[in-house]
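Heads up: the sequence lines are chains R and Y, in that order. My numbering puts the first residue of the first sequence at 42, with every later residue one more than the last. My numbering puts the first residue of the second sequence at 42, with every later residue one more than the last.
The hints are simulated quantities; they were obtained by calculation from the structure and are not laboratory data. Treat the hints with care, as some may be off.
No distinction is drawn between identical chains; accordingly, a pair holds when it is met within one copy or between any pair of copies.
Stated by the list, open to error - Calculated cross-link-like contacts (lysine-lysine; reagent style DSSO-like; alpha-carbon spacing at most 27 angstroms): (1) Lys70 <-> Lys55; (2) Lys201 <-> Lys55; (3) Lys103 <-> Lys119; (4) Lys70 <-> Lys185; (5) Lys70 <-> Lys87; (6) Lys201 <-> Lys90; (7) Lys119 <-> Lys87; (8) Lys178 <-> Lys70; (9) Lys201 <-> Lys119; (10) Lys87 <-> Lys103; (11) Lys119 <-> Lys185; (12) Lys55 <-> Lys87; (13) Lys103 <-> Lys90; (14) Lys90 <-> Lys185; (15) Lys70 <-> Lys90; (16) Lys185 <-> Lys201.
Number of protein chains: 2
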Amino acid sequence: MAQVQSPAPATVGKADHERFMRRVIEMAKQTSEAGAGGPFSALIVKDGKVVGEGVNRVIAEKDPTWHGEVSAIRDACKNLGTHDLTGCVMYTAGESCPMCYASAWWARIGAIYFAATFEDARQYGNFDDSVINDALKLPNEQRKVPAYQILHEEILPLWKAFGANPNRARY
Amino acid sequence: MAQVQSPAPATVGKADHERFMRRVIEMAKQTSEAGAGGPFSALIVKDGKVVGEGVNRVIAEKDPTWHGEVSAIRDACKNLGTHDLTGCVMYTAGESCPMCYASAWWARIGAIYFAATFEDARQYGNFDDSVINDALKLPNEQRKVPAYQILHEEILPLWKAFGANPNRARY
Numbered sequence: 042m043a044q045v046q047s048p049a050p051a052t053v054g055k056a057d058h059e060r061f062m063r064r065v066i067e068m069a070k071q072t073s074e075a076g077a078g079g080p081f082s083a084l085i086v087k088d089g090k091v092v093g094e095g096v097n098r099v100i101a102e103k104d105p106t107w108h109g110e111v112s113a114i115r116d117a118c119k120n121l122g123t124h125d126l127t128g129c130v131m132y133t134a135g136e137s138c139p140m141c142y143a144s145a146w147w148a149r150i151g152a153i154y155f156a157a158t159f160e161d162a163r164q165y166g167n168f169d170d171s172v173i174n175d176a177l178k179l180p181n182e183q184r185k186v187p188a189y190q191i192l193h194e195e196i197l198p199l200w201k202a203f204g205a206n207p208n209r210a211r212y
Numbered sequence: 042m043a044q045v046q047s048p049a050p051a052t053v054g055k056a057d058h059e060r061f062m063r064r065v066i067e068m069a070k071q072t073s074e075a076g077a078g079g080p081f082s083a084l085i086v087k088d089g090k091v092v093g094e095g096v097n098r099v100i101a102e103k104d105p106t107w108h109g110e111v112s113a114i115r116d117a118c119k120n121l122g123t124h125d126l127t128g129c130v131m132y133t134a135g136e137s138c139p140m141c142y143a144s145a146w147w148a149r150i151g152a153i154y155f156a157a158t159f160e161d162a163r164q165y166g167n168f169d170d171s172v173i174n175d176a177l178k179l180p181n182e183q184r185k186v187p188a189y190q191i192l193h194e195e196i197l198p199l200w201k202a203f204g205a206n207p208n209r210a211r212y
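With the rest of the complex left out, here is chain R (with noise of 0.2 angstroms):
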């Protein structure tokens, strides 16, 4: 895929950043107190406004999908009517787990800020993110949720039409 790298509009400086990292850790801090997951949180911001937010609600909704990032970029798609956040900035309560950073990625996020280091989650929180980042490092099988390739050669096919295929969903 065609990245396209989008920086922090030069208009954006340190003041601004500290802004909108207080309003997340703001949301942080209701989330955990409700009980709803633990304190992370996230916004999405283009052009020195926010575009998208959300909070970790990993508990409240039974999904442990809901991260405050997931959340956000979900957010700002569907407020900005498209599933390319290219000249968006996120801003979240703490680094974000494999997950939520390739999340980001996807979506084309230009920068990402954070508070809280994986190691504050491990130690005030029992969330121990930096396993699965190193779980990743090792080949698929060996990792401690194993994955196992089947079926290759009938898989095969469909890929080779799409890549034929003038029409292909492109993104």
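Using the hints provided, position chain Y relative to the given structure of chain R.
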């Protein structure tokens, strides 16, 4: 987080894996031919029964997180009424990107079966999932989508309060 390893039930054999994967491949064919997204799809199976399914609808839903696996995990959680898919196996048309792999990890899925590789998706679809894996191996600030830490000192009190709260969300 206390991760519970949940291997595929011993009663599930090669024929079952192939049967589920053939259904996944058919789903991938349908969604890609409809132009809804790439040829990606997934099933979640528990005790030999399908409990969730999803296809890639990034284009159709204008949502970059709408990959087959994430969609199937959300569907299974909704159907089973829990964020915890311990004891489930995931079948996916393509090797999972970090977003989808981490989604499965958070959902406590026990094992993953896939048919197409990152290389197939790159060669025939111009999707390059492996570069995200590569980015995750780099320090935050050196990634193509860089992540910068700010206001650490302002979020620490929130984490300390969370850690000290006996009624905090646990998952």
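Within, between, both or neither: how does the pair Lys201, Lys55 come out at a Cα-Cα threshold of 27 angstroms? between (48 angstroms within a copy, 26 angstroms between copies)
Using 27 angstroms as the alpha-carbon threshold, which applies to Lys90 and Lys185: within, between, both, or neither? between (41 angstroms within a copy, 23 angstroms between copies)
Treating 27 angstroms as the Cα threshold, decide for Lys119 and Lys185: within, between, both or neither. So Lys119 and Lys185 pass the 27 angstroms test across copies only (25 angstroms; inside, 35 angstroms).
Within, between, both or neither: how does the pair Lys70, Lys90 come out at a Cα-Cα threshold of 27 angstroms? within (22 angstroms within a copy, 40 angstroms between copies)
Can you give me the call for Lys201 and Lys90, within, between, both or neither, at a CA distance of at most 27 angstroms? neither (42 angstroms within a copy, 31 angstroms between copies)
Checking an output row: Lys185 and Lys201, CA cutoff 27 angstroms. Within, between, both or neither? neither (32 angstroms within a copy, 30 angstroms between copies)
Go through the copies and call it for Lys103 and Lys119: within, between, both or neither, with a Cα cutoff of 27 angstroms. So Lys103 and Lys119 pass the 27 angstroms test inside a copy (22 angstroms) and across (7 angstroms) alike.
Tell me, please, which holds for Lys70 and Lys185 at an alpha-carbon limit of 27 angstroms: within, between, both or neither? neither (32 angstroms within a copy, 30 angstroms between copies)
Taking 27 angstroms as the upper bound on the Cα-Cα distance, should Lys70 and Lys55 be classified as within, between, both, or neither? within (22 angstroms within a copy, 48 angstroms between copies)
Are the CA atoms of Lys103 and Lys90 at most 27 angstroms apart within a copy, between copies, both, or neither? Answer is between: at 21 angstroms across copies they meet the 27 angstroms cutoff, but 30 angstroms inside does not.
Can you give me the call for Lys70 and Lys87, within, between, both or neither, at a CA distance of at most 27 angstroms? Classified as within; 24 angstroms inside a copy, 36 angstroms across copies.
Pop the pair Lys178 and Lys70 into one bin, within, between, both or neither, using alpha-carbon distances up to 27 angstroms. Neither way: Lys178 and Lys70 sit 33 angstroms apart in one copy and 30 angstroms across, limit 27 angstroms.
Going through the hint list in order, the structure does not satisfy hints 4, 6, 8, 9 and 16.
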